[in-house]
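Chains A, B, C and D are the protein sequences, given in the same order.
If you count the first sequence from 1, position 209 lands on 209 in our numbering, and the numbers rise without skipping.
If you count the second sequence from 1, position 52 lands on 52 in our numbering, and the numbers rise without skipping.
If you count the third sequence from 1, position 293 lands on 293 in our numbering, and the numbers rise without skipping.
If you count the fourth sequence from 1, position 156 lands on 156 in our numbering, and the numbers rise without skipping.
Worth flagging that the hints you see were computed from the coordinates, not collected in a lab.
Yeah, the Cβ is synthetic: ideal placement off N, Cα and C, and Gly gets one too.
Treat the hints loosely; a few may be bogus.
[What the hints assert, rightly or not] Below, a sample of chain D positions facing chain C; criterion: calculated Cβ distance under 10 Å:
| hint | residue |
| --- | --- |
| 1 | 107 |
| 2 | 135 |
| 3 | 155 |
| 4 | 161 |
[Stated by the list, open to error] Partial list, derived from the structure: chain C residues whose beta carbon lies under 7 Å from chain A:
| hint | residue |
| --- | --- |
| 5 | 134 |
| 6 | 139 |
| 7 | 358 |
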Amino acid sequence: MNPTLHAILVFLQTWWVELTSGVVIVAVVPLVAGYVVLVERKLMADMQARLGPMRVGPHGLLQPIADAVKLLIKEDIIPDEADRLIFWLAPVISMTAALTSMGAIAFGPSFQVARDINIGILFVLGVSSLGFLGIILGGWASNSHYSIMGALRSTAQLVSYETAGGLAIIAGLLLSGTLSISGIVAAQEKYHVWFIFLAPVAAFIYLVASIAETNRAPFDLPEAESELVAGYMTEYSGFRWALYFLGEYANMIVVGSIATTLFLGGWLRPFPNVHWLNWLDFLPALIIALIGVYSIYRAGKQPVMVQTGFMWAVALACFAVALIFAMPWFVGTLKFVIPGLNGAFWFLLKVSAYIYVFMWLRFTLPRYRFDQLMHLGWYILIPLAIVNVFAVGVAMLLESNGVNRWLALILTTLVTLVFAILLVRWHDRRTESASTASLAPDSYAG
Amino acid sequence: MLDSILFYFFGGVAVIGAALMVTRRNAIHSAVFLITTLLATAGIFLQLGAEFLFIAQIILYVGGIMVLFIFVIMLVRLDVALHHIRFRMKSLVVTIVIAVLGAEAGAIIYYARKLPGQGLFIQNMAPASNLTPNSEKLAQSLFTNYLLPFEIASVLLLVAMVGAVVMAKNKKRTEDS
Amino acid sequence: MQDDALQDNSTLLGADELILNMGPQHPSTHGVLRVKLKLDGERVRGTECVIGYLHRGVEKIAENRTYQQVAPYVDRMDYVAAISNGLGYCEAVEKLLNVEAPPRARVIRTILTELQRIASHLVWLGTHALDIGALTPLFYCMREREEILKIFEKYCGARLTTHAFRIGGLQYEAYDGFEKEVERFCLDFERRIQEYVDLLTGNSIWIGRTRNVGVLNAADCIALGASGPILRAAGVKWDLRKAQPYAAYDQYKFEIPVGTNGDTYDRYMVRIEEMRQSRLICLQAIEKIPEGAIMGKVGKVIKPPAGEVYHSIEAPKGILGYYIVSDASTQPYRVRIRPPSFINLQALDKMVRGHLVADVVAIIGTLDIVLGEVDR
Amino acid sequence: MADESKPPQESPKPENSGTAPAPPVAKTPVAPASPPTAKPVPPAPKPPAPVQVPLDNELTRRYRAKFGPAILDALEDRKQPYLVIAAAQLKDIALYSRDDEKFDLLEDFTAVDWPRREKRFDLIAILYSFSHNSRLRLKVGVAENERPASLVEVWPAANWLEREIFDMFGIEFSGHPDLKRILLPDGWQGYPLRKDYDILLQDSSWVRENLGIDSGQ
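Make the full structure from the sequences, and use the hints.
Structure follows, in structure tokens:
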């Protein structure tokens, strides 16, 4: 055989999983991101007493595709004064970072994209934070005041909140004792409890920090629409803009996955060790089948034939997926896929719930101001995260010296909470006096 | 074979990136090429199985330091600052530095050729996959053998941090008054 | 501008001032307002408003139209409160003619004007909340405003620029079920206000973004001519509806809400409370709409005796004044409109100095300007 | 007039709001006014003079005592009092109104163009007093090239209002901090609210240059 061909074949043989996964990520994540946007718009519409997208496809189900087509065929504008190389490079960096970091995420016991590298969680964190380079460079390259202010804001925000988020993750890692993603999930299985219950403060800090890192409301200052037009994206349009957007939503999925892995038990179903709850393993198939039934119920109520047909199609698709989930229970030879399928289901469910919290907060809360954001990060979250790391460490030390684990954790958590309350109190008093002090001369200056 | 290809790829990218970094006039462009170099170096670390080092490189250098670099470049408006700084004798300095570095590189290659098996291109290095997870090992040696240097470095960094805060505060106070 | 800023301050760190052009195309300048911000970092060191992008020369047009023809033009100034504009103009001309609108007309005018005040405040609340980043209140506000606009539409056929009133009274009788619809809206509205209040009033981010932001004390308000909710939020219990009642306001009981600090939060609270009070006025008014004619004794051709008159009303945004000079012809010799937004906008510079860019947006929002009225 | 303690004011509506036709008292000043007006063509030679009745009350007496000849006239039109004052004393009278008579709010400041008069423009300052709940108008005759004193130092609110007067009438105020056009573009020719500025007339060169069309009409 031709040696070159042989080498290629060997290469493919060893790397086919990674290659396919890579292709799948690049092909599927944009679609998923598009539909996350649709879900977000629909949820927002529901909370705001309106319908949301309804025109493209039944209930607007094809809207993401229409959006993608629109963005693709839009004119590609590069401002004259922009730095063309970096203007071109920045969105690519942003999206590449988000997609690459997905490589190390395990969507289930058998759905890990890359090999289970022993620093998996760090890889995800580190690579996804590279996306900020894209934001900063994009803001700078646009050569517009709004863009550069957005970029500066995002840098400051990243530096502040990555610290807090990292410290929160350290608390979780202390409990798991490993950086490997499957190791973390295994540790939670071993502990018989999700880490969110062992380190609630850390989970909360990570929630806040991850919202800030993904530039979502109420921390969406880098792209604060009402102040900076669109922040670092102001000068971008068409497909470049879409890349940023894609990166943002992929990042949401990434941080959701990290939080799920670290704090929400990864792909474990609720109470994985309680045997009388084993019927929960049927739940995925059941839920999907129920969605199918609901679609059939709704199909009769659609005003247009096409929509009825579409609803039927959705129902059939649901049944098919449900069947795939249910099949292994009846076909003995397929039994080995059960943990993988169910794991993926639970994992994605938890990620969706996490992203739902993001959206919910976005529709409800006003936006922080920049100084308030910085204060929250530096004066409250970071000290709290540091104390929390100590608290978790002390709890583990106590446990290894024979104190009941729960007692130790509850005690240390209480100490942390008291600290948090004192911190917030102190900060409130401080800002109160500062604002009255600084405002007086200013308001009379003019 | 793949290893070699990857190595040469990363090495090439690192070298080209470094060269471009030095030659760019625009500071941001330089920073971007420095990032390229750092990433390529990280790739080499990964290839060597030094996963922790790889990720430390990415998080610290690319994610942390470079972000701050760019931040500072944007804030300071280096292009404006450059007009104020006149590089005198710059060609002379550059020539000397290049000459010294070139001599060094030549010497290394020369001696590497002379001492087979120990030079630059060691073919029989241990395959990466055989290494045990090294983040634990790294931690072990950091906190046992190298505890003192590690602590000294941390204290140094802490001092630098406190110093920075103090300086920033002082500046603000003088501004206010 | 940009180059100047660069050259003036070639210092290395921090000290360079940035000129940021906010608008005329900007999501939160509420129209085509352009504000040049002089920034130090994110802190505002000074502003300059550039206005006039929407100037249509209403005052000049009015000199070339008959008195009746001017009325629709004034609707186009503050287009989110067209009825209030119309009321001010009609009453001013009535004063010039020395006639009075009949009681029934005055009560219906009051009801519609108060509904318009609610609608105007709703638009303000929604957009202001949106500026500060709260997405949802806007849609709730628009939902209620829609109900009000439906009432307008049923009454006069138009929703936005209504031209609802005529000089001397009304052209249209209240439609069947008018009282009932207004009542239903008012009864429902209390619960709706509670929804906005739940979303915003106690929200610590909202408080953080509005407390002590854009403070304008009473003395500054008066010196700068700022009126309406801005003045009341500074603690001045003054409202033209009480001070010099017009239309039918003297017949109804209502409170003048006042704030204490004169900051953005107080203005928010004042406007929310004003909506509640307007609702009460409407409820009182529909209880007893007097019977009778809706048009006063005004001829087909309006030819006021020579002279001049100034009449001002409490529009949702502040004092809306009309100064009309007649030369005894069918066309006004001069119509001067005192636009509350224009004069309130003057206070912007004082309010934003020392604040951050994000506060500029909040302060422009809290001034509740409508560029159609600023530029006329 | 009847009520000495309070300066004359717009009669509060409630008094005559109940009955539809205005009481005859209100009519009397109007009735004799109509005949002499004699329907002038738009740029009226002598328009509103006769409709006003002279005003003599506590307030005007105080003003007259303080400023004497600077108070050219004190009149009332439709129960709204106004003082016609000399341009030279404008700022002093404004200060006095604000500080002593407590007319603390400059509600509006505008102008009217009477092209046939010797002093072509009337500057109208509408003052409001919170403590007395009353209004007073100051009317100042200004000739074409006269530069009346700016009121910005008295009422900061006058800033933009004076700019607008400058923009629309071309009256320049001496001492204004930043007198430039406000509503119209900076390079605009002419002053639109002057009576000799026809509504169809516009700065066509500006329109052509900036909007790229021949005419806005």
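To see whether the hints hold, each was checked on the structure:
Because the smallest distance between the Cβ of residue 107 of chain D and any Cβ of chain C comes to about 6 Å, under 10 Å, the interface hint for this residue holds. Checking residue 135 of chain D against chain C by beta carbon gives a least distance of about 7 Å; that is within 10 Å, so the hint holds. For residue 155 of chain D, the suggested interface contact is upheld, since its CB lies about 6 Å from the closest CB of chain C, less than 10 Å. Satisfaction of the interface hint for residue 161 of chain D is found here, the shortest Cβ-Cβ separation to chain C being roughly 7 Å, below the 10 Å cut-off.
Below 7 Å, beta-carbon pairs count as interface contacts, and residue 134 of chain C has one with chain A at about 4 Å; its hint therefore holds. Given the 7 Å rule on beta carbons, the hint for residue 139 of chain C holds: about 4 Å separates it from the nearest Cβ of chain A. With a least beta-carbon distance of about 5 Å to chain A, the hint placing residue 358 of chain C at the interface is held under the 7 Å criterion.
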